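Trainee: Chains A and B supply the protein sequences, listed in that same order. In terms of my numbering, the first sequence opens at residue 1 and continues consecutively. In terms of my numbering, the second sequence opens at residue 296 and continues consecutively.
Think of the hints as simulated: they come from the structure by calculation, not from any bench. Check before you lean on any hint, since a few could be wrong.
[Unchecked claim] Capping the alpha-carbon separation at 27 Å, the derived lysine-lysine pairs in DSSO-like fashion look like this: (1) Lys-308(B) with Lys-408(B); (2) Lys-215(A) with Lys-403(B); (3) Lys-435(B) with Lys-463(B); (4) Lys-473(B) with Lys-403(B); (5) Lys-3(A) with Lys-77(A); (6) Lys-308(B) with Lys-107(A); (7) Lys-449(B) with Lys-370(B); (8) Lys-403(B) with Lys-435(B); (9) Lys-215(A) with Lys-522(B).
[As the list claims (entries may be wrong)] Partial chain B-side listing against chain A, Cβ under 10 Å, derived: (10) Pro-367; (11) Asn-369; (12) Gln-378; (13) Leu-380; (14) Gly-395; (15) Ile-589.
Just so you know, these numbers come straight off a predicted model, no measurement behind them. Backbone N, C-alpha and C fix where the C-beta goes; we use that ideal spot for every residue, glycine too.
Residues per chain, in single letters:
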Amino acid sequence: MIKQLTARFGRPMTLVVLLLLWFWLIVLVLLPQLIMIDYSFKPNLIPSQLGGPEDVYTLGNYQTLIGNDIHRTIFFKTIWSSILVTVLTLLVSYPVAYFLAQLATAKQVMLIALLLVIPYWINEILRTFSWYLILSFQGPLNALLLGLGLIDRPVRFLTGDGGVLIGMVYAYILFMVFPLYNAIESLDNNQVRAARNLGAGLLRIHWRIVIPHAKPGIATGCIMVFMLAAGSYAVPALLGSPGSRWFTQIIYNWFFEGGDWNMGAAYAFVLLILCIGFIAAVMKVFRIGLGDIGK
Amino acid sequence: MDSRVHLDNISMKFGDFTAVHPLDLDIQSGEFFSFLGPSGCGKTTLLNIVSGFLEPTTGSVNIGNEPMAAVPANKRPTSMIFQNLALFPLMSVAENIEFGLEVRGVSKVERRKVSDRLLELVDLPGSGQYRIDDLSGGQKQRVAIARALAVEPKVLLLDEPLSALDLKLRQHMRTELKEIQRRTEITFIYITHDQGEALTMSDRVAVMSAGRLQQVDSPIELYRRPKTAFVAEFVGENNRLPGKVVSVDGEQVVVDCGAAGQFRGQMGARLEPGQPCGLYVRPESLQAATEQDINRLDVSVETVNFEGAHLTLETRHAQLPTQIHVQADQRAYGGQVDQGSSLSLGFQADETVVLPEDRPLETADD
């Protein structure tokens, strides 16, 4: 590859490109991560104590997380809720993606893709805040449901996890629809027709033909949505109730409210490990390799 | 098993475009029936109507005397072999074949028995565990046939299934398909634009053009007695001499081809004296003229192609617009004709077909 680059751009330019690449990878990606890991194994000290007898490696920060009931509960709740968000997003996105990939005309695809993308031109905070308005106690959704006579008094959507789940499914739907669309689009329509011709009904066609074919897309979408959900801050901060705190909010608090970067780093590192574990698990369940996800 | 297919007043429109004009057709139980025509003639549309993938604009389909109007595609007693086969690449060979039975809730043990038996039938014994991608083109073909037969259809629909194969394999599979059809006694409906396939395998062939049935007949009748100019020109090779009807004499017609002379031929379709027409004579029907020949044509040879058993000659008559193709036994002319030599050709009236000149069908929407 270096040979090709040299042949094309000459030696000096190639050197610059490679140096920039390595600079980005090492200084901007790897080094900060390593520093945070280093932080996470040290106690939080005032500057005068740095280098002193107390500045030693310890598991104390991690023990705090394990020992703190509330934090531990929130950690597991975050995992569980993120999985829930992932599954809900998949359920919502699959029909849309299937329609786009197999049934829609070119014009419909354009229109729907545009409708899906336009909200993303708006800042995530604003998009999330609009859900805050929609779901609020005296908001338009309650007004609509009351007007239709479906409920006889307003519902508190924003207590509990409901608001967070809705907000996240909405925020990450594109990250699921497009990988699914890509995967389903490459399915030969004759496969569906053949299955139908052999007697298969709708559910079986999807279960036996479409979903197995779309597996890499489903895995990619699930991994992306899970990572985004587990690492989300804005949605739980805006749409969450006091009872639905997200693990990211605790990390944020350690860094910026508690001023304890070491503790924050430890918590963040645990979240990172969890996400990597999730990816590995999904890849194992779907029996796919890293190469499949890149497609 | 009654596996007759009856099409009653079937037609299909897509918006303004008429893919199939209203037609009636009866296909017998256990018949090998082909639809032959150029692409866009409506044959695939008809297949999709029979299989239930398309709802006809008018008319109804009956299979084994049962109306199919309310029967969705996945409940019809038909099974289809797709042009690209559409095997399921993520399933093994056996799983592919067993899919239709799996849908019907047949137990695993029973399914395995059926797939083993069918793999035997299509000459692939013991290859159930293979992946589809591990098979050659011909093997995939056989798996597709086995998969379609597994559900014990009354009617097997074949959508140009041999078109992806190379010539030799294609010819081999023709024999094999015919053999399978003979053994299973299922009605085969075969779609093709390849007349070789249609003529060699079929009991009857429907020639289609521009959404209309041109002629439904046995292969030999199609070849010997085309009923429209389209069929005469589409099926096999033919020489066409343009002319005008002079007189009609029972089943025979006298045609005036201007400076080329007057000829006698069979009346292929209704003709009136004075009507413009085409006189069709096959290359192999043109022989060295004898005293008894009523139809004679003097030509000069332009090209000679030696093809072993026979010679093909491209000849020209000074007053005719197109070349006259002659296929002759090499023993008759071998070494005696050259470019520029003159020939006197004769042909029998009963090997000559006269058909109306007018051909609006080819200009119909396509």
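Trainee: Are the hints correct? Go through all of them and say.
Mentor: Results for each hint:
1. With a C-alpha separation of about 44 Å, the suggested pairing of Lys-308(B) with Lys-408(B) is violated against the 27 Å cut-off.
2. With a C-alpha separation of about 25 Å, the suggested pairing of Lys-215(A) with Lys-403(B) holds against the 27 Å cut-off.
3. Annotation: proposed proximity of Lys-435(B) to Lys-463(B) holds, straight-line Cα distance about 16 Å (limit 27 Å).
4. With a CA separation close to 30 Å, the supplied pair Lys-473(B) and Lys-403(B) exceeds the 27 Å bound.
5. For the hint linking Lys-3(A) to Lys-77(A), the alpha-carbon distance of about 50 Å lies beyond 27 Å, and the restraint is violated.
6. The hinted pair formed by Lys-308(B) and Lys-107(A) meets the criterion: a straight-line CA distance of about 22 Å does not exceed 27 Å.
7. Using a Cα cut-off of 27 Å, the hinted pair Lys-449(B) and Lys-370(B) holds, with the two alpha carbons roughly 12 Å apart.
8. Using a Cα cut-off of 27 Å, the hinted pair Lys-403(B) and Lys-435(B) holds, with the two alpha carbons roughly 23 Å apart.
9. Taking the CA atoms of Lys-215(A) and Lys-522(B), the gap is near 55 Å; set against the 27 Å cutoff, the hint is violated.
10. Checking Pro-367(B) against chain A by beta carbon gives a least distance of about 8 Å; that is within 10 Å, so the hint holds.
11. Restraint check, Asn-369(B) versus chain A: the minimum CB separation of about 5 Å is within 10 Å; hint holds.
12. Because the beta carbon of Gln-378(B) sits about 8 Å from the nearest beta carbon in chain A, less than 10 Å, this interface hint is met.
13. This hint holds: Leu-380(B) has a C-beta 8 Å from the nearest C-beta of chain A, less than the 10 Å allowed.
14. For Gly-395(B), the suggested interface contact is upheld, since its CB lies about 4 Å from the closest CB of chain A, less than 10 Å.
15. Evaluation of the Ile-589(B) hint against chain A yields a violated restraint, the C-beta minimum of about 55 Å exceeding 10 Å.
Consistency with the previously given hints fails for numbers 1, 4, 5, 9 and 15, ordered from lowest to highest.
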